[in-house]
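2 protein chains.
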Amino acid sequence: MERRDQTKSVLAVLDGEARRPPPIWLMRQAGRYLPEYQAVRRKAGSFWTMCMTPELAVEVTLQPISRFGFDAAILFSDILVIPHALGQDVRFEEGQGPVLGPFPDLPGLVRDPVRWAVKLKPVYDAMRETRAKLAPEKTLIGFAGAPWTLAAYMLEGRGSSDQRAAKLAAYHDPEKFRALLDILSEAVAWHLGQQLEAGADVVQIFDSWAGGLPEQAFEHFVVQPNARVVKLLQERIPGARIIGFPRAATETGYRRYVAETGVNAVSIDTATSIRWAADSLPKTRTIQGNLDPIVLIADTILADTRGRAFIFNLGHGVLPETPLANVERLVARIRSAT
Amino acid sequence: MERRDQTKSVLAVLDGEARRPPPIWLMRQAGRYLPEYQAVRRKAGSFWTMCMTPELAVEVTLQPISRFGFDAAILFSDILVIPHALGQDVRFEEGQGPVLGPFPDLPGLVRDPVRWAVKLKPVYDAMRETRAKLAPEKTLIGFAGAPWTLAAYMLEGRGSSDQRAAKLAAYHDPEKFRALLDILSEAVAWHLGQQLEAGADVVQIFDSWAGGLPEQAFEHFVVQPNARVVKLLQERIPGARIIGFPRAATETGYRRYVAETGVNAVSIDTATSIRWAADSLPKTRTIQGNLDPIVLIADTILADTRGRAFIFNLGHGVLPETPLANVERLVARIRSAT
Chain A
1219 MERRDQTKSV
1229 LAVLDGEARR
1239 PPPIWLMRQA
1249 GRYLPEYQAV
1259 RRKAGSFWTM
1269 CMTPELAVEV
1279 TLQPISRFGF
1289 DAAILFSDIL
1299 VIPHALGQDV
1309 RFEEGQGPVL
1319 GPFPDLPGLV
1329 RDPVRWAVKL
1339 KPVYDAMRET
1349 RAKLAPEKTL
1359 IGFAGAPWTL
1369 AAYMLEGRGS
1379 SDQRAAKLAA
1389 YHDPEKFRAL
1399 LDILSEAVAW
1409 HLGQQLEAGA
1419 DVVQIFDSWA
1429 GGLPEQAFEH
1439 FVVQPNARVV
1449 KLLQERIPGA
1459 RIIGFPRAAT
1469 ETGYRRYVAE
1479 TGVNAVSIDT
1489 ATSIRWAADS
1499 LPKTRTIQGN
1509 LDPIVLIADT
1519 ILADTRGRAF
1529 IFNLGHGVLP
1539 ETPLANVERL
1549 VARIRSAT
Chain B
1219 MERRDQTKSV
1229 LAVLDGEARR
1239 PPPIWLMRQA
1249 GRYLPEYQAV
1259 RRKAGSFWTM
1269 CMTPELAVEV
1279 TLQPISRFGF
1289 DAAILFSDIL
1299 VIPHALGQDV
1309 RFEEGQGPVL
1319 GPFPDLPGLV
1329 RDPVRWAVKL
1339 KPVYDAMRET
1349 RAKLAPEKTL
1359 IGFAGAPWTL
1369 AAYMLEGRGS
1379 SDQRAAKLAA
1389 YHDPEKFRAL
1399 LDILSEAVAW
1409 HLGQQLEAGA
1419 DVVQIFDSWA
1429 GGLPEQAFEH
1439 FVVQPNARVV
1449 KLLQERIPGA
1459 RIIGFPRAAT
1469 ETGYRRYVAE
1479 TGVNAVSIDT
1489 ATSIRWAADS
1499 LPKTRTIQGN
1509 LDPIVLIADT
1519 ILADTRGRAF
1529 IFNLGHGVLP
1539 ETPLANVERL
1549 VARIRSAT
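For the protein sequence lines, the chains are A and B, in the order given.
The working numbering numbers the first residue of the first sequence as 1219 and each following residue consecutively.
The working numbering numbers the first residue of the second sequence as 1219 and each following residue consecutively.
Simulated from the structure, these hints should not be mistaken for lab results.
For clarity, every value in this text was computed on a predicted model and none was experimentally measured.
Ranges of calculated distance between the beta carbons of each label pair, as one might list FRET restraints:
(1) A:Arg1553 / B:His1390: 20 to 28 angstroms
(2) A:Asp1497 / B:Arg1396: 23 to 31 angstroms
(3) B:Asp1330 / A:Thr1267: 53 to 61 angstroms
(4) B:Ser1379 / A:Gly1319: 23 to 31 angstroms
(5) B:Pro1500 / A:Gly1480: 29 to 37 angstroms
(6) A:Asp1233 / B:Gly1457: 55 to 63 angstroms
(7) A:Thr1267 / B:Asp1391: 39 to 47 angstroms
(8) A:Lys1351 / B:Pro1392: 41 to 49 angstroms
(9) B:Glu1312 / A:Thr1225: 54 to 62 angstroms
Glycine included, every Cβ here is placed at the ideal spot set by N, Cα and C.
Pulled out of the complex, with its shape left as it was, chain A reads as follows (with noise of 0.2 angstroms):
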């Protein structure tokens, strides 16, 4: 027991067993709330150097692991780093979310594996250095945007809440958008891959962007390529672990993409019910989440899963305006909970 407990929690849970207390770390732990974070984007000048300087990557990637002993250190990076791969270019602006220079078009795009080898060298450079300096008994998680939250983005050149020009895109021609949905389901794979290889144990997998689709809709552009990519990257490394986020799913839709997707484990959004997830998807996958990052009340969380292989995690990312005592009192309420 004491020696099982020295191993990495995240993993465990991951591989099914149900944890009291759960393991626990947050969606965009490195991020602005913390002041040595914003001491270190001060230093860097802007959001993408920070992602494409390694020493910079793993310092604030370790940052709240010193501060709050999550159990899990997720590489602080960008989802956008997959359209700078194939070509598109990407520009954060101060104050505003990222602006996408035009849509290359699919022959535009760079479809070279050891030209994205290239351009996303410091990811993977950071990983390998993440993991030197991590403790044996924290997991390491890699991640990427998925092939239709990727599509937005490059279609519609920034964040888009209805996703317009991706959706008017496949409505007009739907062959020409599967095959960039295919393109980026490959991209996806060969990225969250090259993670595991430079020393991640886990990847996640964010559509953040797969709420809001009709039915049919989500079922081709989120749970299929989704598949793909998890068939995808099995084949490359068998046994990877990847927990899958489906934003904003329906209860229908998470359990299609459950069920469908392949993924060992999905992260539940702040809307959608986590009684409903620990009670009605499958036991064989562990389920992630879901507190609402504006409030920090996770009673009912821990009594909705007993019993469950399941990891403490918020609905969507921390925000800037969070205090750090909240986040303080939540890991430590939830180390407490039995």
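Place chain B on chain A using the hints.
Here is chain B on its own, set in the frame of chain A:
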């Protein structure tokens, strides 16, 4: 049978009749996608002027009925007439969404229906005049924003993708926030009652930001206030017909909403499966929806709702970019359904 078909088809379906073809109207059917609407808009100078000038509101309300022969007209107005009546400044800037003045805080809110009636007289005048001009077989719909959605606008000062200001207010001072929801529930029920008395056949409550709320928050901020609105309205006007729209609720959320609010009908958003709704929601409630405004493919929706009391609609409002020909084809397609 002949005679029956001459009655208001939306009302027949709200009263439980399953009709083929189903009645059809589109949320935001009076909007920028119509050239005749744009002409009135240019003349009026602003969206708000159109809302508050009965002659103009009546004209644009009737435009889509003339052009497409929809089965229902929905009064051209805005959910922010309630913050306006309560004394908060509301402006519509060209090219962006609405902007509200500072929240007057609870003691600063106008709570006197006599004063509300003065401020909202143009809305009720427009309703009376629309009823006079609308063909008797067409249903006339009034509407209001739901308390949570209005509270989010009032506290944030504008549209918000995550309703952060409202959530923070709710979590920091729950009693005060509850008091705000109570005031809003009274104002909403009153406003809906006024519209019914001025000639509306049915009213719809738009909880546009019901999505993204954790389970308990959904219960307290969406379900309970909507239930209170329904109760107050039914007390004032027994038999009042009410359509609820808890947009982007989870399936569990829709189930609770329907079970607990007492609405006659529920409008289903684009991402929620209409087949799920048809199969899982109580057969005593009419369902409405849920075509993605971005696509106009209606066949599946017709198949999935066969045998149910059902009103064809979108999952949210018509987009300005929508080609008129698509709406024409849509109406023809629904009308030819068997």
